[in-house]
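Participant: Please model the entire structure based on the sequences and the hints provided.
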Amino acid sequence: MDEAEVARLGAGLALALPRGPHRGRVGEVRAASAGSSLELHDFRAYQPGDDLRQVDWNAVARTGDLILRVRQDEVSPRLEVVVDGSRSMALSASKEARAREVALLTTDVGARQGLSPALWVAGARAERVQGGACRSALRTSEFDARDDLSAALARLPPLRPCGVRVVVSDFLVEVDLGALCSRLSRGASALFLVQVLDAEDLDPSGGEGARLVDAESGAALEELLTEPVLAAYARRFAEHQRALRAAAQRARATLLTVSAADPLSALVAGPLRALFVPGGGA
Amino acid sequence: MNFGAPWGLLALGALAPLVAAYFLRRRQKPVMVSALFLWRTPRPRAEAGPRWERFTREVSLLLEVLAVVAAALFLSDVRWGEAARRRHVVLVVDGSLSMSARGAPADSVMERVRREAAKRVDSESATHVTLLASGASPRVLAGPEVEASRALSALESFQPLGADHDVLPTLRWAQELAGPGAPVHFLTDAPPVEGFSVPATVRWTALGGPRDNVALISAQRRDEGDTATVTLRVARFGPGPSTVDLRLRAAPGPGAREGTERVEHVALPEEGATTVRLTFQGAGDVEAALPDDALPEDGHVLLPPSPVSPVAVGMAPELGAAERAALERFLAASPEVARGSMGLGVAEVDVGPRGTNAKVTVGAGGKLRTFVGPFFTEKGDALLDDVQLAGVRWTAGDNPPGRPLIAAGDAVLVSEEEGRLHLNLDVARSNVQRTTAWPVLWSNVLREARRRREGFPRHQLALGEPLPVVTNPGERYALRGPLGTKPVFGAGPLTLPAPAAPGRYVLERDGEAVDSTEVLALDARESDLRGRGSVDLAAKETRASSEAAAGSGRARWPLWLLLAALLADFYVTRRT
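Chains B and G, in that order, are what the protein sequence lines are.
So for the first sequence, the working numbering puts the first residue at 1; every next one is plus one.
So for the second sequence, the working numbering puts the first residue at 283; every next one is plus one.
Derived by calculation from the structure, the hints in this document are not laboratory data.
Heads up, none of these hints are tricks.
Some, not all, of what chain B presents toward chain G, calculated at C-beta under 8 Å: (1) D170; (2) L172; (3) E174; (4) D198; (5) D201; (6) R211; (7) L212; (8) V213; (9) D214; (10) A215; (11) A219; (12) Y233; (13) R236; (14) F237.
Examples of chain G residues toward chain B, derived with CB under 8 Å: (15) P312; (16) V313; (17) M314; (18) V315; (19) S316; (20) A317; (21) L318; (22) F319; (23) L320; (24) W321; (25) R322.
Computed list of lysine to any residue pairs in SDA-like fashion (alpha-carbon distance at most 20 Å, straight line): (26) G/K311 to B/T226; (27) G/K311 to B/A220; (28) G/K311 to B/G218; (29) G/K311 to B/A215; (30) G/K661 to G/P686; (31) G/K311 to B/A90; (32) G/K311 to B/E222; (33) G/K311 to B/V229.
Predicted, not measured: the structure shown is a model, and the values here were computed from it.
Think of the CB as a built atom: it goes at the ideal place given N, C-alpha and C, for glycine as much as any other residue.
Facilitator: Written out as structure tokens, the structure reads:
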């Protein structure tokens, strides 16, 4: 994990928060909801029951209508980063590093943005840390779960509602993807599914016969990696991706698929643009 | 466990590439993948744990080895245990004496038969063999359905010494033992005689050859006092020597100091036989031997002493003077008769007057009547053999009890009552005692008494002759011979089947020897080796049906085992 690169990139980035309302303790982040901060958010016509202190009397004078100033609420929203701790995430050094870097970048940017990040590592032993401990947790956590993300989620404590969730995984699981995405999005104000894939996941190399061993279960399959076999894999992988994408859409989640072979900077500038926006501010 | 088609075991050679492939596959480098399910068709069932998967290769190898072994077992037509199917062959060996003929020392007919039998067992892939020896009384040498090695071992120790016989009953029996359509192998030394109908499933193999032979065709010994008279008949079959030396050796008998040894030069006619009669004094066993030739067994005989035992006749004191005189006249002229003591149980024939308990009563009582004929006789009764009553004047009284043997009108002249004979005869007024009927009748009485004597009526028999024996009622008898001991059932004069082998046969009563007789290995038809030859006549009925039956009987369980192993292997390998 290249922490220096994460730090360098995080300095100029901000999380692309959704337009929907955030919830959290009073903080420094302007929420989408109307509130009592000094930042003007909008104008609208007065309705009975509105706070008369917010009437813009100048506008009333100019227009003759009761115009109300709508001020933006300031909250401190939650940011939950869930990292898949299954063994398949450590399939290669690049895949493992890229997963850790994306998670670290998310927590760093979120913290810098005033969010209160929480990190969940869904490994063999569920782990949850907050704030500055996220970095050290990402350094030391092991991708050692012998089951997939769906099973690992059962070991986690319930995710907190109304937070922004970023789930880092390869999502190569043989489960009902719709149910998985629905479960991840339940209660979240926004959900980003960052799918980190190794080059061998995307385009496996062929050649001689091999004994394929599942990284998580240890199950083995002996295959001659011929062109038809590779083509069949590509077909099934494409079907899986389509299903994942559809499930993400149904769950109002954003699926971001990245290749571990690409450097983090390229990912931020490319597939992760939907999560990280330039600017370093809200 | 045995194999009907051992070549099928070559299929086990498939194990070598199988194991090689196993080790080659073990050398494949494992490649970790994120999602194994993308490499195969997804299945709804959850995968087993890695503990099982770790041994998948080994389990798969074992299942594949099991499949190969099952296939090899099926191809080799495995047979398991007694319940499994077996390949059964019935061999019939001619048990007649001529099968012992030999040319060169190691080339006897029997040796050829043994070799041929072993070949048949191999060629038929026989696992079980029933071995029969033909004879007047066929017998089982090995079987039914014993292991082939045991049958061949029994054949090694078998020596054919039986008489000439009809082989058809043995072949019929063998067919029944073999089952419908199954072949029967008959090994003999001569082709079937013209007109003989060989059963359809019998393969007739003759392994003999024509040879010259000089043989004893009969031998008899008669002992009277210290003198033993030996009568031998020597025959030549084929253009052999015109003279032969007959060597006789008499062992010393009881009381004799030394034995006797003689060599007789016997001239042999071209056809026919020469009779040699010799006498020995105080001789024990007499052994006669011809020089060894193609069939040595028929040139040796051993003749034990065969003393004549007279019949003891006793007369009751109450017997009338006329009756006594008539009987004394007969006894004086009758050979092999001794005077016994009446009432002491020594006499075998006791004669008394009418109304006594004697075995033979003579006398007439009541109103006497004289008959000159016609006489009615019971022709079937042995007591009346050759009894001629022409010219006889018979004076009889009241009818005696018992079954009438001779009658005249309503008068019973002779009757038989539970082994007792009643002569309703007044000797003083009759002329029967002066006719030939009198000695003939009494000779018959003595003959029947001799016949009813416990033991063997004849002490020398040739091969193939039935064995007469007399037993007493109420006793338990057994006949001990060269082939073992077997019980003798029945009482009185019996005729046992011809002994299957020559040798000494002893009659035992409750384990105690009573009498013995010698069965000599003499049979002129077996000694004539001129018509022997070699031929191999295939069975008329093809073996297709029996082979088809054998194919259908192939064990199916290896196929099921093969299928189960393949399915299990498929299941195991598809899990991974």
